[in-house]
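S.K.: Go ahead and model the full structure; you've got the sequences and the hints to work with.
Chains as they are written, first to last, in my numbering: chain A, 405 to 787; chain B, 405 to 787; chain C, 405 to 787; chain D, 405 to 787; chain E, 405 to 787.
In short, the hints are calculated from the structure, not lab data.
All figures in this text were calculated on a predicted structure; none of them were measured in a lab.
Be a bit skeptical, because a hint or two may be false.
Copies of the same chain are indistinguishable here, so a pair counts whether it falls within one copy or spans any two.
Okay, derived cross-link-like pairs now, DSSO-like style, lysine-lysine, Cα gap no bigger than 30 Å in a straight line [unchecked claim]:
no., residue 1, residue 2
1, 580, 463
2, 775, 631
3, 463, 585
4, 631, 776
5, 580, 775
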Amino acid sequence: MVDVNPRLAPAKIIEEAKSYVDYTWDEPGSMPGTLQVEPDAPTPEIYLVDYRDGCLVEKTLNHPADCEPYLDSQSVSWVDMRGLGNEPMLQELGRVFGLHPLVLEDVVNVPQRAKTEEYPDQILYIARMVLPLPTGTGFVSEQVSFILGQHYLLTVQEEPDRDCFHMVRRRLQANKGSIRKLGPDYLMYSLIDAIIDGFFPVLEDYGERIEELEEEVVTRPTRQTLKRVHAIRRELLALRRAIWPQRDAINTLIRDENLLVTPEVRIYLRDCYDHAVQVLDMVETYRELAASLMDIYLSSVSNRMNEIIKVLTIISTIFIPLTFIVGVYGMNFNTERSPYNMPELNWYWGYPLVWAVMLTIIVSLLFYFWKKGWFENFADPKN
Amino acid sequence: MVDVNPRLAPAKIIEEAKSYVDYTWDEPGSMPGTLQVEPDAPTPEIYLVDYRDGCLVEKTLNHPADCEPYLDSQSVSWVDMRGLGNEPMLQELGRVFGLHPLVLEDVVNVPQRAKTEEYPDQILYIARMVLPLPTGTGFVSEQVSFILGQHYLLTVQEEPDRDCFHMVRRRLQANKGSIRKLGPDYLMYSLIDAIIDGFFPVLEDYGERIEELEEEVVTRPTRQTLKRVHAIRRELLALRRAIWPQRDAINTLIRDENLLVTPEVRIYLRDCYDHAVQVLDMVETYRELAASLMDIYLSSVSNRMNEIIKVLTIISTIFIPLTFIVGVYGMNFNTERSPYNMPELNWYWGYPLVWAVMLTIIVSLLFYFWKKGWFENFADPKN
Amino acid sequence: MVDVNPRLAPAKIIEEAKSYVDYTWDEPGSMPGTLQVEPDAPTPEIYLVDYRDGCLVEKTLNHPADCEPYLDSQSVSWVDMRGLGNEPMLQELGRVFGLHPLVLEDVVNVPQRAKTEEYPDQILYIARMVLPLPTGTGFVSEQVSFILGQHYLLTVQEEPDRDCFHMVRRRLQANKGSIRKLGPDYLMYSLIDAIIDGFFPVLEDYGERIEELEEEVVTRPTRQTLKRVHAIRRELLALRRAIWPQRDAINTLIRDENLLVTPEVRIYLRDCYDHAVQVLDMVETYRELAASLMDIYLSSVSNRMNEIIKVLTIISTIFIPLTFIVGVYGMNFNTERSPYNMPELNWYWGYPLVWAVMLTIIVSLLFYFWKKGWFENFADPKN
Amino acid sequence: MVDVNPRLAPAKIIEEAKSYVDYTWDEPGSMPGTLQVEPDAPTPEIYLVDYRDGCLVEKTLNHPADCEPYLDSQSVSWVDMRGLGNEPMLQELGRVFGLHPLVLEDVVNVPQRAKTEEYPDQILYIARMVLPLPTGTGFVSEQVSFILGQHYLLTVQEEPDRDCFHMVRRRLQANKGSIRKLGPDYLMYSLIDAIIDGFFPVLEDYGERIEELEEEVVTRPTRQTLKRVHAIRRELLALRRAIWPQRDAINTLIRDENLLVTPEVRIYLRDCYDHAVQVLDMVETYRELAASLMDIYLSSVSNRMNEIIKVLTIISTIFIPLTFIVGVYGMNFNTERSPYNMPELNWYWGYPLVWAVMLTIIVSLLFYFWKKGWFENFADPKN
Amino acid sequence: MVDVNPRLAPAKIIEEAKSYVDYTWDEPGSMPGTLQVEPDAPTPEIYLVDYRDGCLVEKTLNHPADCEPYLDSQSVSWVDMRGLGNEPMLQELGRVFGLHPLVLEDVVNVPQRAKTEEYPDQILYIARMVLPLPTGTGFVSEQVSFILGQHYLLTVQEEPDRDCFHMVRRRLQANKGSIRKLGPDYLMYSLIDAIIDGFFPVLEDYGERIEELEEEVVTRPTRQTLKRVHAIRRELLALRRAIWPQRDAINTLIRDENLLVTPEVRIYLRDCYDHAVQVLDMVETYRELAASLMDIYLSSVSNRMNEIIKVLTIISTIFIPLTFIVGVYGMNFNTERSPYNMPELNWYWGYPLVWAVMLTIIVSLLFYFWKKGWFENFADPKN
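M.R.: What follows is the structure, given as structure tokens:
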């Protein structure tokens, strides 16, 4: 379920990958809480997992209202809604969970900046999940909104058919570790941790791409290299914008006083915060490396130009004077009119002498260039 | 009413768009509270909307003093003054609303930096509204000053015929949502929110222009490209200076203790603050992208120069030696005087041999260039 | 009195304008409070204005001691000393006003960094005043030191014949506004405000110079352009260093608790602080624009080089092969010795055929260059 | 034992040295506390040193459980585990020392970011140790985790056969200074101090490499230089990422209130903190120097190109006009048909005159170039 | 005594000047408090000045222990130790003054970062003193450590024969100002102030060097210019690292509560702090100017290349087509075989016509170049 949906055409993926730059906005002056449902957004699907230590129920629901019996029970209910394509259903969701109109707006009008907000009985946590595309082609990102209540956790995803939560689901099903012994806050931690850890494989791909480019910019810089370097910088900028507010949002979860997050889970969130710091650290490192790639590119292009001009100069500097000399003896001055008119043409050793002069010039110039070190890089086959 | 006033000649618009860099200043040493009314500023028009949940009155007033009966009533009065071209009327406005001289100065001497200032019975909030020009031509900006009182909201705009408040007016007229149930602070929030959301369409335009330029700088960088990149950087700098202080000003509204802004509205303002952060985040992202466009431009120009010099070098390196060779056999040494004087000219295979030598040189050089990879980019039609 | 002293020779002005970079320093290890009186500093002139609401006295004094009768009176005394060229008089000034030796040192050993310092009965405020030179030639700056006491304000300027306080003097004389109704703290505010507002005309000049240069760097970058860009950057750096500490110093005046600055005047100082922030904001904007001018300059120079090399390459690439061809038929192989020796020379259509070949080459190359887009910028008259 | 393990093949070392960029990550969604044991990690070896002032016992243990008798005794026990290649043994270690699952995860899943974390009876301190490779080839780094308890210190290293603690071990054995008189916190300080001081020899190597490159970039910049500069920047970035969080972690040790670190040892840690600041200061200095090397490289390459083009231009500018002149007199116009057809060819002084004209041109051009200063750098043998 | 020791050979000075980058470090793991005495460090000399208002004693001591009688007396004792070349003497110094081992380590193992540290009866202040070398050759720096006690001040310098304290000594001897009336804290202030003021003459030298280079980079940029710019940047970086921590250390002296520094002296230290801020301000300004010199250098080199290529292009573009034309009429087509074979050669006006064509080409091209503005910079003699 982690893999990118094969139904997505590559073109669509690229388009999508590009769209992570802009936040959603309402028409200026529109009523707060106005929902913007895109016509091509997928129809929502609702999955319920209700569990306590001993038992676990999984269900696919048709209407948000079907959750209601589970919300007040002592067991933990995880309602996972995927898809944002049906406005009445989203409105009903807001009613069932008692969401503030601004909360519902943030959940539906994606993308929003990651943040934590406290409401009397709920905590809103907005996260950005990244999923790797095939090696070398970047990533897609998606908003996941969490609403944490006393006995439930509501998560809302944009797309029904991809996320990075399958390992958490398996741990729930297999009752591994303490996940079924603790409350919905621990479940929320597990999902946030999965989202943060999901940045690492994406970053690893960038690390490899930068390493390849480091070689490429020095030995064979082309226009394609330039495009690739810029694409990496642009995408790392997007990653930085995705992880930066999440780090702050996790910190808010840890620091703020509220009863919904237990002290035990705060220790786990502290670990998750460390991971977010590590992600940010890596992003910044890659950004610095990518920035210095640009410098190297420019230096490298200058270097190549240097080599090309050196070839031109060596050839020109050797042959232009020689061509002048042979030009001299191609003149048609009338040698018969005057003894001063090109007497060389009639010398016995005239032609060999010209060659001697020209060879001397060639050898001197080659020696001059060799002393200047102009032949140094020519041994290299790929100049 | 959102559209730019068609009466404005394009030249005027450009001029105006350029003028967002400088703040207004008094002559050094002049009295605090001195008003500077520009001779070509439009004559003020005053619109009053007085409403409570059940009823709504709209009026166009001739004098600020006509507001007085509405100000103390329990209903909410929105006095919207548009145009700054009549000093006595502005002075009267100050008197009617009891404005501190420094407040009136900030309202009239536009542009000022956005800010929130508290006075005993009023809050002054200075905002900067941006309005998009036709695609690809940037934006105009305008100062909107808010004075919030117990039962009234005074707004002062620079231009009578454009703003981004028409949706708020419709919500007031249609009694949609809770806008008529709440006080003037909610009205102020709605207008500030419209101003902040008004940055998004402007930014979207820049996003598209940057994307176009990313293609252009790599494949066909010209002097026009350079101008366009610089124009975008300059305008994004202006946008940053417009949104940055507004974010702080909204934060001041939320944090400061005062009775004019109710806790309920503060929650809405927090949402508005989030939007301002998102605007700033986008502006910074675009600024980074635009800055790296400059690097790419330079690299790209170097790249093109490389290609041009490569063409020159290939042609020169091949033909200059050949020209020398044919020059040799154009010399007029007297072959009859000596057997050493250009005997080649009289050889039976002399001419074909010269061609053989020259073809060998051509082929060797082409092979050398091919090994160096100099032909790689030539396939590309747009080098 | 605002205008630059016409007696200053332009060379002197430039010299002076350059000197704003370095602070004054004592010989290492010298006694604190050591005064450094420059031999060519102008002789001090002392102007006294003593006023209360009803009356105003203006006097020119010969000795600082002549102020003493005014200092303790209930009326406000403004002692304005201009010129730092007489050490005994400065020492006497220190004695009359009871200045701490370090205060007197800061006042006399100009330039110092702007700051606010509190002493038991006095506040020291050191400001830096800028005055515009003729358009396009920058500015001069001068230190103004304020010592605020219970009933007096002492100001010390470097030069007797220029400042930006004439409007304040007129307001005092004309009793305009509340300036004569309030204490010396309001007078100090008025003067500080005049100094801060004095930055705007200087900045406006830089705004225009940058706008001119933006055109120049793209269309006709020369070495003079480079010098001008660097000069602007250098001077903006100086302006930034002048305004930055003043902003902090005004903030200290507003925040610190002391009885010499009344709450009413603090509101006015808050306005003045806003102006300082606006000045700083403009300086930073201009600095960013000037920095990006350097990038554009480099790109622009590369661009021009590109154009020049393109011309060279087009001409060379067309004519070098042709010159080779005509060279071939200039060879003197003996056509009579062998039928293979340049039979073309004796062909009937030989010469026209050579021209046909050469024209074909010319047309093909022009087509190739046109397809590569090399002719695009040639239409532009100023390449 | 400080020296790099000779068994490591150089290729492996390089590979390892490169791997310091990325942090370890779990599969997204996996259970917190999941251990990742790499298949080729070395088998753990456990060394115990148990000491008090009078006596010292050294032992090599087979199982973590063998430590248990020592942990509760009043003597100080230093358990030094080296190698992370045996998961059951690591789990047992966790059980014996009562480690929180997240602590064990941080210890085993290397590399982690340096940090200090407090637990009820323990302090976790994660450090990064750097060890110099042979001169000019960089460094390897390794994580060392410290768990400080009441009477014991547990350290876990990645590699069994290299660290920088041998001097501390000798001080323990020789009972030099107060190391055996103080508790495990002083031992921890001594080891952290050895780690921080271990950065200096690594940095010294970079200082020398930068100094060499400073000469190289100016006088003979090649593509290898570019690679070296980039490698240094990359490695300094890695050093910065290693020392930065350690500085904060040491500060946390000093500031946080806990009973495990005594006030006496805090004074020593303050000294250690100063050293960390000095390391960071040096790293930042080297980074600035390396960054400016890149600028110099680019300038230097441009400079060389300049010199090459100057040679080309001088030669071309002199000989191209001359070649034209001799070409003129190589034309074959029929001098017999008309007196205007190349009468020069039949002049008595024709040929000498042409030489006179050509020599005049050569001398004038050389003079022109000399006045322009083009010959200035030619004296330098290595242009 | 301020002047650089004439015994130092210039080479030694340069070496020394370079060494200001690296801090001292112990072998990793060595015992805290280990002293590192360099074999060529000068032998310590100890100077004692014991004074009170009425009397002053100056002595040269042989052993630190000779100070003991003076330390507890009510008079102020200044023990000035110069040279770090004798370990037993340094150990004895530590014993006599009761120095913590870490304090003695910081004093002896130079260089250390500047800092203030409080101990129960003492304050440790580590400063860095800079001394100017002959104009244009930079500076040397040296560590001065201060230990302030109840009735004494111990200073430890690296070199016996240079410092910037001679003016302070004269003030002590001459009993000028209040230096003999106040305690050792005022003496410490006077020395710190001399150290800070000692930065100004060094900086002034850099200001002049930058001003010279500003001219040089624009008009005649050579490889030496590049080296000089880099040297200045490197040395300013060193100055910044010297002054930055001193500013913080002085601030710590002012802010921290301790009885050894009296409130009266704190006012003086505030002045000294202002000077440190001014030094830092100047360093940063020079650093910005030096950084922009690098940009100008690159632009300037490009500019020169432009000029050179322009010359090449003008000459080539004019003469290459002409050479082709004269080449055409050098061909040897047999005019007798056919009327189409070069009939021009036999025309009556053939040769003059060719010249007419060629002159037309020359004039057109010159006009074209003139319109493009290529001749603009040629008037300048130093292109």
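S.K.: Run every hint past the structure and note whether it holds.
M.R.: Against the structure, the hints come out as follows:
no.: 1; hint: 580 <-> 463; verdict: within (20 Å within a copy, 38 Å between copies)
no.: 2; hint: 775 <-> 631; verdict: between (39 Å within a copy, 23 Å between copies)
no.: 3; hint: 463 <-> 585; verdict: within (20 Å within a copy, 42 Å between copies)
no.: 4; hint: 631 <-> 776; verdict: between (36 Å within a copy, 20 Å between copies)
no.: 5; hint: 580 <-> 775; verdict: neither (74 Å within a copy, 61 Å between copies)
When the structure is compared with the earlier hints, a violation turns up for hint 5 alone.
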